[in-house]
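> Protein chains in written order, with the working numbering: chain A, 341 to 487; chain B, -5 to 157.
Worth flagging that the hints you see were computed from the coordinates, not collected in a lab.
You may find that some hints are simply not true.
Some chain A residues judged to face chain B by a derived CB distance under 8 Å, without partners named [stated by the list, open to error]:
| no. | residue |
| --- | --- |
| 1 | V403 |
| 2 | Q464 |
| 3 | Q469 |
| 4 | N475 |
With the Cβ distance kept under 10 Å, some of the chain B side facing chain A (calculated, not the full set) [to be verified]:
| no. | residue |
| --- | --- |
| 5 | L49 |
| 6 | S101 |
| 7 | A102 |
| 8 | A104 |
| 9 | L107 |
| 10 | V127 |
| 11 | S130 |
| 12 | S131 |
| 13 | E132 |
| 14 | T141 |
| 15 | S142 |
| 16 | L149 |
Listed next, with one range per pair, are the computed distances between beta-carbon atoms [said to hold, decoys possible]:
| no. | chain 1 | residue 1 | chain 2 | residue 2 | range |
| --- | --- | --- | --- | --- | --- |
| 17 | A | G428 | B | A108 | 54 to 62 Å |
| 18 | A | R399 | B | L107 | 56 to 64 Å |
| 19 | B | A108 | A | R380 | 49 to 57 Å |
| 20 | B | E140 | A | V436 | 51 to 59 Å |
| 21 | A | A385 | B | P105 | 52 to 60 Å |
| 22 | A | V436 | B | A108 | 20 to 28 Å |
| 23 | B | I113 | A | V436 | 43 to 51 Å |
| 24 | A | E410 | B | G133 | 29 to 37 Å |
Virtual Cβ for every residue (Gly too), placed ideally from N, Cα, C.
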Amino acid sequence: MIGRSGFAASTLAVALLAAAPTLAEAATVPVRIRIIKGSRQGPAAVDPRLADLRGQLGRLAYVKWDQVGEHHADMGLGKSVSLPLPDGATLELTLVDAQKDTVTFQVRVPARRTNSRLTISKDQRIVHQVTDEKNGEAYFATVRPWP
Amino acid sequence: MTACLRFAPMIGARPGELTLEEASALAEHLASCGACQGRLADEEALSGMLPEALLAEANRRDFSAFSDEVLTRIPALGRAARPAPRGGMLAPILGWVGHHRLLAAASALAPTLAALALIVYLGQGNAPEGAPVEVSSEGRSTMVLETSEGPVVLLGDLEPEGS
């Protein structure tokens, strides 16, 4: 009987060890989502809260950047977060895949029939335009996992 | 005879050594001069024989010990070139290694480097992939800027209907 119990305990231990990485991968990913506005006109300025995005924002023709919204979420695999955009449309962000060092998001703006699937590493961010440019201004969403 | 004195040194000249005028004059002289025709025949026979004779002489020589003999004349390298104990099957290989140490080292490193490259390649399986990005947007163009800090996705203007 003792032998059977030992075998069962060993089997359980092995199963738990084998499942450990899966559980880790299945854990939620903390995600920071910001909605930012870029303007072509005005004095060049970047909202201090967007300092970590300077490298990416500096590649664009917009010179003035302001943060207009921020949202934090713990996202599980396949889970979506919907955020309202300043122009009334909705941003849908879905966590498609999460590996040890990478994470894949789906960014959708149904009103614009835009659908993106982007894989980034832990230390990267997504900057995604989510509205059309109007009067030299456009809105972007930035997504940063493990902020 | 005066003509022969002029043209005899030209017989056997290599291509390009004579000007067109000289070659033409030599050909004209050879056509009418039996003595120079004989000189030409001798020259052709000799030029054919000489390389063959040299080659045959070279083939008769055994050059297998040539590198050993040269190396033993150089004191520093002579020690490295000392012949391996006879009788072993590895003797020729060790002798070759002794004579070509750099090449032998490179040959030994090659599999090691290949193994390292394989390890690095397989190790990349867990590394982040090259930021795969798929963007689709109906009716408008999109542009993706790849930066070291992450992708930047830009939406283009709406394209006119029917374009």
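> When the structure is checked against the list of hints, which entries are broken? Sort them ascending.
Hint check: 1, 4, 5, 6, 7, 8, 9, 18, 20, 22 and 23 fail, others pass.
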